[in-house]
Amino acid sequence: MSYYNEMFEGDSVRDPYARLREWVETMPDDFRQMKQAEAEALFRRIGITFAVYGEGGDPDRLIPFDMMPRVFEQAEWRRLERGIKQRARALNAFLRDVYGRGEIIRAGRIPGRLVYQNEAFEKSVVGFVPPRGVYSHIIGIDLVRTAKDEFYVLEDNCRTPSGVSYMLENREIMMRMFPQLFRGNRIEPVDQYPDLLRRTLESVAPAKCNDRPTCVILTPGHYNSAYYEHSFLANLMGVELVEGQDLFVDGEFCYMRTTTGPKRVDVIYRRIDDPYLDPLCFRPDSMLGIPGLMDVYRSGGVSICSAPGAGVADDKAIYTFVPEMIRFYLGEEPILNNVQTWTLWKDDDYRYVMEHLPELVVKEVHGSGGYGMLVGPKSTKEEIEVFRAKIQANPSNYIAQPTLALSTCPTFVNEGIAPRHVDLRPYCLCGDRIELVPGGLTRVALREGSLVVNSSQGGGVKDTWVLSE
Amino acid sequence: MRLKISHETVYRYGQPIRNLVQSLRLTPSVFEGQKTHEWQIDVSGGVKGPGFRDGAGDWIEGWTVRGPVDHVTVRITGRIDTRDMAGVLRGHREMIHPLTYLRDSPATRPDDALRALAQSVTGSDPLDLAHQLSASVSDRIAFRPGVTHTGTTASQALALGEGVCQDHTHALTAIARLRGLPARYVSGYLHSTIDGQAHDAAHAWAEIQVEGLGWIGFDAANRCCPDERYVRLGSGLDAADAAPIRGVAMGTGSEDMDVSVRVEEMAQ
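Here the protein sequences come in this chain order: W and A. Residue numbers for the first sequence follow our numbering, beginning at 1 and rising by one. Residue numbers for the second sequence follow our numbering, beginning at 1 and rising by one.
Read the hints as simulated data drawn from the structure, not as lab findings. Warning: the hint list may mix true and false statements.
Just some of the chain A residues that point at chain W, by a computed CB distance under 10 Å [what the hints assert, rightly or not]: (1) Val10; (2) Pro16; (3) Ser23; (4) Thr27; (5) Val30; (6) Asp200.
DMTMM-like cross-link-like pairs, simulated, lysine to aspartate or glutamate; straight-line CA separation at most 20 Å [to be verified]: (7) W:Lys263 with W:Asp211; (8) A:Lys48 with W:Glu155; (9) W:Lys123 with A:Glu32; (10) W:Lys208 with W:Glu252; (11) W:Lys263 with W:Glu252; (12) A:Lys35 with A:Asp104; (13) W:Lys316 with W:Asp285; (14) W:Lys208 with A:Glu61; (15) W:Lys123 with A:Asp104; (16) W:Lys85 with W:Glu73; (17) W:Lys148 with W:Glu73; (18) W:Lys35 with W:Glu22; (19) A:Lys4 with A:Glu32; (20) W:Lys208 with A:Glu94; (21) W:Lys390 with W:Asp349; (22) W:Lys316 with W:Glu155; (23) A:Lys48 with W:Glu252; (24) W:Lys316 with W:Glu119.
As the structure is a prediction and not an experimental result, all values here were calculated from the model. Glycine residues also receive a C-beta, built at the ideal position from the N, C-alpha and C atoms.
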């Protein structure tokens, strides 16, 4: 398998990487080691040690930071941006449709049972249209690159994608350690993200709000692996970080307890899952939520971001239909590719996958963090057979995809720099406008040859640059 | 029938409570079989919060009681005209797709006995099948108060072979879904049983979706379909989901509940 190396065009170094290569080549070894230690110390001091994407493991683990940035040219980014925004529009249109008339199902483009019997489909919000018709306000789209102009979407995260604090911190640390790099390159900033997020949240305040909207971030608490990110964002946005017990419902509205008395809350950026939002509507045993919140929400007294029920758009079974959504709602052809996906509960797919295991990637339907997956081409015969037995025991627990030739980026290794495989998660904001800061979180598989970028499997993170014109 | 309804639920707390929040599904449904003339909901010491019609067509009303109080009374009084629609829920506006009601829920999760019961029945068409399924539940679960409680599941009630309307309804919704018929739990009132006995409690029955006819009610506890003696309030996947009253309060003491329901026929 050959891999696209983002640093080269044929034998020559591509423009966006030319200055960086010079920077690396003139960097003395001891300077590099000193800087690497400095970066680590900075991360520790900031306290950014949480696990990305709910991977589990040690919550205090530090994710390795690679000082070599990943670089996109303006033109490359523009195309990516169009593709991401297109997808975000289609996903929100889909949510508005399935909680309304369900035209895409009536038209026979998506089987109704996949939507209506989906656990993430929330019956209690059918017929309710949130402000501006937006259901998913922050969409994290996981992308991989396989060629100069070829990007694939691995998955959409429409509920509460995490990791954006890494995007901000990676940049902050690079600017602090290597200010000269930022003087010599025209790099588009990402630090407007918190302002844009706040603006997005304010733009979806309910109609009953007639002042500047009061926004809060609702966290499950400091035991949550992403608590750092919740407090980090609240701080940068200048809004309160609250837990369920800090909020209460009185009459038609939701209020926050403050030292100066109750204050009405208009927009809740929640980082807790649907079942825990309101014991009167969802799990009656939940202690995390706010009793009565869903009644206030459904009568237009408060906005919840993302909207309860938004998860039906990022389900693995729905994923395969996103290109269809783009055609159906937008009348456009998808700019970004979907990865072909075989679902092992279908007989034909099962047969194909079992015959081609050494070529495929097989994942658990509800797995995350790179656990419980088989990367066929990187596995031994024994490993493949062990996995085959697992699939046979419970086929409906697995999906399979072709092994994608993930692009590589130059990455610091002991011997200097070497190519390592990467992915990308940009964060798209949807309110009255659709916004995307130029950048995102690049994860890198630090182990030579590894295609698994998850930090639990030896992955690290990089600053992601978009060069201006 | 012109029915007068008074329904009172009194919650008594061992220790005074504060910040009680309730979500009430206590307003009659709007469809051709019912016409509401007067309906009043009152929560003692409470502030009326949001009211809205949800996707299932139910009117939901939120109430909050700041407290501290040692008891709360939820009082319903109303007058309503009902018509016999042979169980058919005609003219009811709702937006939830029927396929949604093929999902199971904690109280209706099937076990082997429910699966066997579902498969033991045959019907010449979907409507007949629904009738047969309802009859099979009437046959297998005898009406007997006091042996089950609000947390009893469909599979537990079937194993016991006894129960009340909630248990019949859970069992029927469970086996209808197993046969591919969307089914749901309906809560409401009943004027009198078929033998003319006054029914002095809240009532529940099932609705099954039959293609071409829509939602049809089946009362397996009383071996009939709802008619003019029935008042429909709302629906859900099971009793908890369709509950007329849901509430949470801040407090640590005990809670006792007294319910009284009167459904009387009025002169036209």
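Once the shortest beta carbon distance from Thr27 of chain A to chain W is found, is it less than 10 Å?
-> 14 Å, violated
Please work out if Lys123 of chain W and Asp104 of chain A have their alpha carbons no farther apart than 20 Å.
-> 13 Å, holds
Keeping to a limit of 20 Å between CA atoms, is the pair of Lys316 of chain W and Glu155 of chain W held or broken?
-> 8 Å, holds
Compare the distance between the alpha carbons of Lys4 of chain A and Glu32 of chain A with 20 Å, and conclude whether the hinted pair is satisfied.
-> 18 Å, holds
Close enough to count: is the Cβ of Val10 of chain A nearer than 10 Å to one in chain W?
-> 20 Å, violated
For the pair supplied as a hint, Lys208 of chain W and Glu61 of chain A, confirm whether the alpha-carbon distance does not exceed 20 Å.
-> Holds, because 18 Å separates the two Cα atoms, which is no more than 20 Å.
For the pair supplied as a hint, Lys148 of chain W and Glu73 of chain W, confirm whether the alpha-carbon distance does not exceed 20 Å.
-> Given pair Lys148 of chain W, Glu73 of chain W holds - Cα atoms ~11 Å apart, limit 20 Å.
Does the alpha-carbon distance linking Lys208 of chain W and Glu94 of chain A stay inside the 20 Å limit?
-> 25 Å, violated
Does the alpha-carbon distance linking Lys123 of chain W and Glu32 of chain A stay inside the 20 Å limit?
-> 24 Å, violated
Should the hint that Pro16 of chain A touches chain W count as held when the rule is a Cβ pair under 10 Å?
-> 17 Å, violated
Has the given pair, Lys48 of chain A with Glu252 of chain W, been kept, meaning a C-alpha gap of at most 20 Å?
-> 8 Å, holds
Does the alpha-carbon distance linking Lys390 of chain W and Asp349 of chain W stay inside the 20 Å limit?
-> 16 Å, holds
Checked against the numbered hints above, the structure violates hints 1, 2, 4, 5, 6, 8, 9, 12, 13, 20; every other hint is satisfied.
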